[in-house]
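Peer 1: What follows is the residue order along each chain.
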Amino acid sequence: MSTDRKIRVLVAKPGLDGHDRGARVIAYGLRDAGFEVIYTGLRQSPEQIAREAIQEDVDAVGLSILSGAHMALTGRVLELLREQGAEDIPVLVGGLIPEEDQQALRKMGVAGVFTAGTPIGEVAEFIASHVVVA
Amino acid sequence: MERTRKEIERAEASWKEEVVEPRVARFKIPASPTRFYTPASQRDFDFLEKVGFPGQYPFTAGNHAFEAWRAYAEAGARLGVRPDYGASSAGRYGGYGTAEDYRDYLRAMQQRGSRGGPNVAFDLVTQCGFDSDSPNALGEVGRVGVAIDTYRDFRVIYEAFTGERDIDQVASNFTINAPCAIILAMLAALAEERGIPLAKLRGTPQNDILKEFIARGTYIYPPRESMRLFRDTLVFCRRHMPRMNVNSIGGYHIREAGATREQDLAFSLANGIAYLKEGVEAGLEIDDFASKFTFNAFGGSMQVYHEIAFQRAARRMWARIVKERFGATDPHAMMVRQPIGAHVGCTSTTLQRPLNNIARSVIGGMACGMSGGSMPAAYPPYDEPLGLGHSQESIQLQLDATRIMIYEAGISDVADPWAGSYFMESLTDEIESAAAEEVDRIESMGGAVGAIENGYMPRAVAQSAYERQKRVEQMEDFVVGVNCFTGENELDLSLNRGVEKLYDPEHLRSAEERQLAKLAAVKRERSQGDVSRSLRALEQSAKDPEASVMPALIDCVKSEATLQEMCDVMRGVFGEAEPTKL
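If you read the protein sequences in the order shown, they are chains G and U.
According to our numbering, the first sequence is numbered sequentially starting from 1.
According to our numbering, the second sequence is numbered sequentially starting from 1.
Just to be clear, a hint being listed does not mean it is correct.
Said to hold, decoys possible - Per the computed footprint, the stretches of chain U lying under chain G, defined by three or more beta-carbons under 8 Å from a beta-carbon of chain G, are:
| hint | segment |
| --- | --- |
| 1 | 137–150 |
| 2 | 277–288 |
| 3 | 377–387 |
| 4 | 435–448 |
If you're looking for bench data, these hints aren't it; they were derived computationally from the structure.
Using N, Cα and C, we set each Cβ at its ideal position, and we do this for glycine too.
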């Protein structure tokens, strides 16, 4: 990992779920861990998230979903990134994700799934190890 | 008394020197890990002013001499009546899939003895003012609640409520905020269709839009415009549905989003004050409408003592605000009415070793039962963090835990058992003064609306959530099975868990498709002319700040305009709220 510039992470709340405690805590935590963090705010469409990820040239995208809509929304974000040639951006999912869906998300192409009780340091290390900074 | 205080203070000083300090030295720790309270801990404690009697101002010791449920507790046990516990006369909170799915669920619950009305969870699409066919609805249709696109959906839910369960016989609860006026309009239309006078309807809409900007996030319009809609629902309820509660002001959600106890209390009271002001400015009598305000379960931590003090402080502060600031004279207008009291909150439950959540919810139930009148409700069920939908097993355990506290432990045999405790009265005072200071800060920003517009309240909550996370990670706060006692010798226990069949993933997957087909049918079959006319009238009334949108909304509902069509008209007039950033 290069030290030339900070790792940029987009923390995003896709869909209509308003539970943003986790997203905000992760955003603050990653920022304190030395990352550059962009937080989208609530209610972003997969299109908005993919666009912002590409425009902001982020190194990783973290999606926070607690409404149960994680399969559909994550699938759509991955699809849009792929369509725009940005499939190399690792996508992480956090939230209320049942065990069986965690497997399915990984199969879909999600780099990592994090549920309640995960220390922020663990997420930070995971991102750092998955990001290839040019 | 003064002489006694001095004596106690002297005795305390020598106790510290002779007993505490040597022990602290012996264990080689920096300070005593425990505290001890004496009569000297409280300055100027006036029992009648600060506590009083249960059922009397300032209601520190409880709203009533004893609660209604307590009057019949023994009779209930002898008869074996299975209560719809936790939600007064409305049924258990639920809802998912299509209106047909939810109606069938309600009928199944009725077969099992449920007697309450619908206590409706709406899906996020509905709560955010969209239709199921909107691109914004992706993945969310029927997910966290039932999908309501048009009056036709609403009517289907109530097919489970006829005859002795007709809508004037049961209470209806609606967990909805931004589109609350539309749901109330649907209820009014249904009553009219069934020939039931609006005046006989009972229930509680959540209708607490301000906390949506601080926690939970299902806002649509900017805060000020949202308050206009609140005013219209308030005035409509008082004029036409006098038995309906007006709102359920959420302390609970704010805490779950990360607020400290004092922030939770202060922000909820500040929101409550803003709603009271709307009513006064609309020309309503404080005694008339404040008695129809309710609160949604203040609570949300494992700190038993603090949660009890919090409940006591909340009752006293609200009573004083309503009486002293707003001039109420009716005691009912001064009470914090909430379905349950203290509880540990869902964020205190852990995904790790989830059966431990039973112990946690019992501790919350103890706090609740000792905080002044509330049922010692064990909440939430242990499988809360495992995904949407509680299992029947977890609900049974939760009910039994509550019963054990009531019937075996006798938790509810004394009203406000901590009244007069040197410790509890000091703690109640501390929480009250910290919250009062915070209320003043918010008032100096122009009240709750101002403190939302400038981002203060939402940011303060997020910052507190982060502070808590840091304390857990640095092991200043301990969570068993999460940041401590996680070694390989610990056992992870599990239990058979049958999730409600209707929460079945396969069934949920088809809900979106079924809902979309219904919505398409409505759009085909309704009179487009009627819809356009009713929406134009809605726009006119929304544009006139002195008018109420309620009559126009009722016409829109009857014309089978969709929820999003109505919300879009109001988006055009009121604008849309911007999400807060970091």
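Peer 1: Please verify the coverage claim for the segment 137–150 of chain U: does it have three or more residues whose C-beta sits within 8 Å of some C-beta in chain G?
Peer 2: holds (count 6)
Peer 1: If you look at each residue in the segment 377–387 of chain U, do at least three have a Cβ nearer than 8 Å to any Cβ of chain G?
Peer 2: It holds, with 3 qualifying residues against the three required.
Peer 1: Check whether three or more residues of the segment 435–448 of chain U sit with their beta carbon closer than 8 Å to a beta carbon of chain G.
Peer 2: violated (count 0)
Peer 1: Please count how many residues of the segment 277–288 of chain U have a CB within 8 Å of a CB from chain G and say whether that reaches 3.
Peer 2: With 0 residues in contact (Cβ-Cβ under 8 Å with chain G), the coverage given for the segment 277–288 of chain U is violated.
Consistency with the previously given hints fails for numbers 2, 4, ordered from lowest to highest.
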